[in-house]
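Each protein sequence line maps, in turn, to chains A and B.
The first sequence begins at 9 in the numbering used here and counts up by one.
The second sequence begins at 57 in the numbering used here and counts up by one.
Read the hints as simulated data drawn from the structure, not as lab findings.
Note that the coordinates shown come from a computational prediction; the quantities given were computed from them, not determined experimentally.
Each statement offered as a hint is correct.
Listed next, the in silico DSS-like pairs over lysine-lysine satisfying Cα-Cα at most 27 Å (straight line):
id, chain 1, residue 1, chain 2, residue 2
1, B, 71, B, 82
2, B, 182, B, 192
3, B, 163, B, 182
4, B, 84, A, 145
5, B, 383, B, 360
6, B, 84, B, 71
7, B, 383, B, 363
8, A, 145, B, 82
9, B, 82, A, 63
10, B, 84, A, 63
11, B, 192, B, 163
If you want the footprint, here are the derived chain A segments under chain B, 3+ residues with CB under 8 Å:
id, segment
12, 62-71
13, 85-99
14, 175-188
Each residue gets a CB set at the ideal place from its N, CA and C atoms; glycine is no exception.
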Amino acid sequence: MSGFSLRWYEEFFGSTTWTDALKNSLIISPLATLLAVVLGTLAAIGLTRASFPGKALLVSILISPMVVPVVISGVAIYLFFSPLGLSGSYLGLVLAHAMLGVPFVITTVTATLQGFDFNLARAASSLGVGPVGAFFKVTLPIVGPGIVSGALFAFATSFDEVVVTLFLASPEQQTLPRKMFSGIRDNISPTIAAAATILVLLATALLLVLEWQRRRTEQMRGTAGSAVRPPRRGLLRRRMFEG
Amino acid sequence: MSVAIEMDGGVPNLKARLRRAERLTKLKYIGLIIPLALFLLVTFLWPIGSLLYRAVANPEVIEALPRTTQALRGWDGETLPGDDVFDAFAGDLDGNRRSPVLAGAAKRLNMEEPGFRSVLINTARKLDRQPGQSAKDAILAVEPRWGDVSAWRLVARNGQLVTPFYILSALDLRITDDGAIVRAPDDQAIYVEILLRTLWMSVVVTALCMLLGYPLAYLLAQVSTGTGNLLMILVLLPFWTSVLVRVAAWIVLLQKEGPINKAMLALGLITEPLQLVFNRFGVYIAMVHILLPFVVLPLYAVMKSIKPAYVRAAISLGAPPFSAFWKIYFPLSLPGVGAGGLLVFILCMGYYITPALLGSPREQMASYFVAFYTNETINWGMAAALSAVLLSATMILYVIYARHFGPARANQITPR
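Here chain A stands alone, though its shape is the one from the complex (with noise of 0.2 Å):
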């Protein structure tokens, strides 16, 4: 044992092929992120609003993506991506990574517009907004933790995701985790350990954010002091994909 340095974080950011990864991966997740977050959240007000024939079953589609286990995902996306010409680019992999975002964000914004009262949006309406303006000055405000903690999951989601990336992303577009998984199989160098320390920090932030906009959601909704606590559905359903 010699001591403690930072040398393996020098060079984790001293190699082009780790920061280019990670500099793909800080490209990649939010860009499919605000896709995942502006379908996502349409959908599930449109969801809460509307009832039609044939509901239960459009949501377990829309959600299904969860389910399926990720590596049939992935190769019927490489397999019908290719022949289009998205496989090997940014947006084949921007769109695959939203898609898996996407239920993430439907499960958690409509959980939280179930607990929405809409007569607060048709009281602004009545006093002269229209609806558009109804949204963003009242709906947005109260039910926008619920909207983080949707756009939380579904970057997580992409941040972390390997499989999909294996199949669709060319050398040029390695993601972090993609750089880990060939790293982890070579054999385990200490820039991995690097590398997986700066993931742990970050894991450790999203969670604390997510717990403070969990406690915002509760004291809005007047659940914070009550003895059941609204199980984590969300939370639940990260970390599907992985593995």
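Given chain A's structure and the hints, the job is docking chain B onto it.
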């Protein structure tokens, strides 16, 4: 003016207008779902659908031998085909002699009958028709195999656009010349074993998760809020940490020179380092670690809603503590056991990364072979067939889960 007319219509008209307005609102909300539905159609449903189609698709032979397969449509399948078929065959081979299409057909036929690749390629390469010689004679001269009815049956069978071959193979079955379904020879029967292994490993992991998770969830539900929150963080932090990080950590801990082996050596518990990783043991440890929160969280949610008064009442009526737990508490916690167990089981079935990094070849599950056939041997039909089998098993369990435990409470969304 129009207002006056509507006023004349009175109440029914107002009702109609209200209905119309409501219908319009409803359509607007349904419209909000459409972008996502379209997005998933293109990025998920369609790809999965076309993958499943590949499990039965059979284009190779028709593509390479269009005239032959066409001519074989009218064949009785009992006697050697007539000159028309041989003529068509010679014509197809002439047209595709060096084309990759022919290699594709040869590869495809070789799957059903090992060795047939060279039969087709040889025929194409060597076929040289002398003037005045019939196509039949020329073909039989280079490759006598074509004098055998079974060779033609093989081609005729693959003249169909769909084939049960891949799906049957994924279940270790073969279709014989005369259309009977039989078991594959033992040395080729590998898939049922893989599927059973996938199921068995999922059963073991689920059981271990339950064994460890139940007491933990019970503890979480019993302690005070402060301690509970702290313990909950300990459950959630690994949950949020990348699976790759955890897998790497397990390799470091369990390897031969790792701290666990070193500690056991130092304590004199063992004399040789144990092989703890890159085998079944390592895979189980990591999978249980990764999946444990999936049983703890639903169990905790259910246990929190069990009123302590029930157990207290049982005890006050004279039940010993264990029997009060077993007869009152445990049955009330069963929905959590069911939800958590089924969830873990479904997730286990699709595991890929953990066995791939922590297991030996004998620990690889169904997902691994889907990836293998896609990337390594480029046998998409087989990858698709294994996907179809794995997906059906998953979907059956998912439907049970959704029915009983409503995974996405989204299923119960009701408009307010």
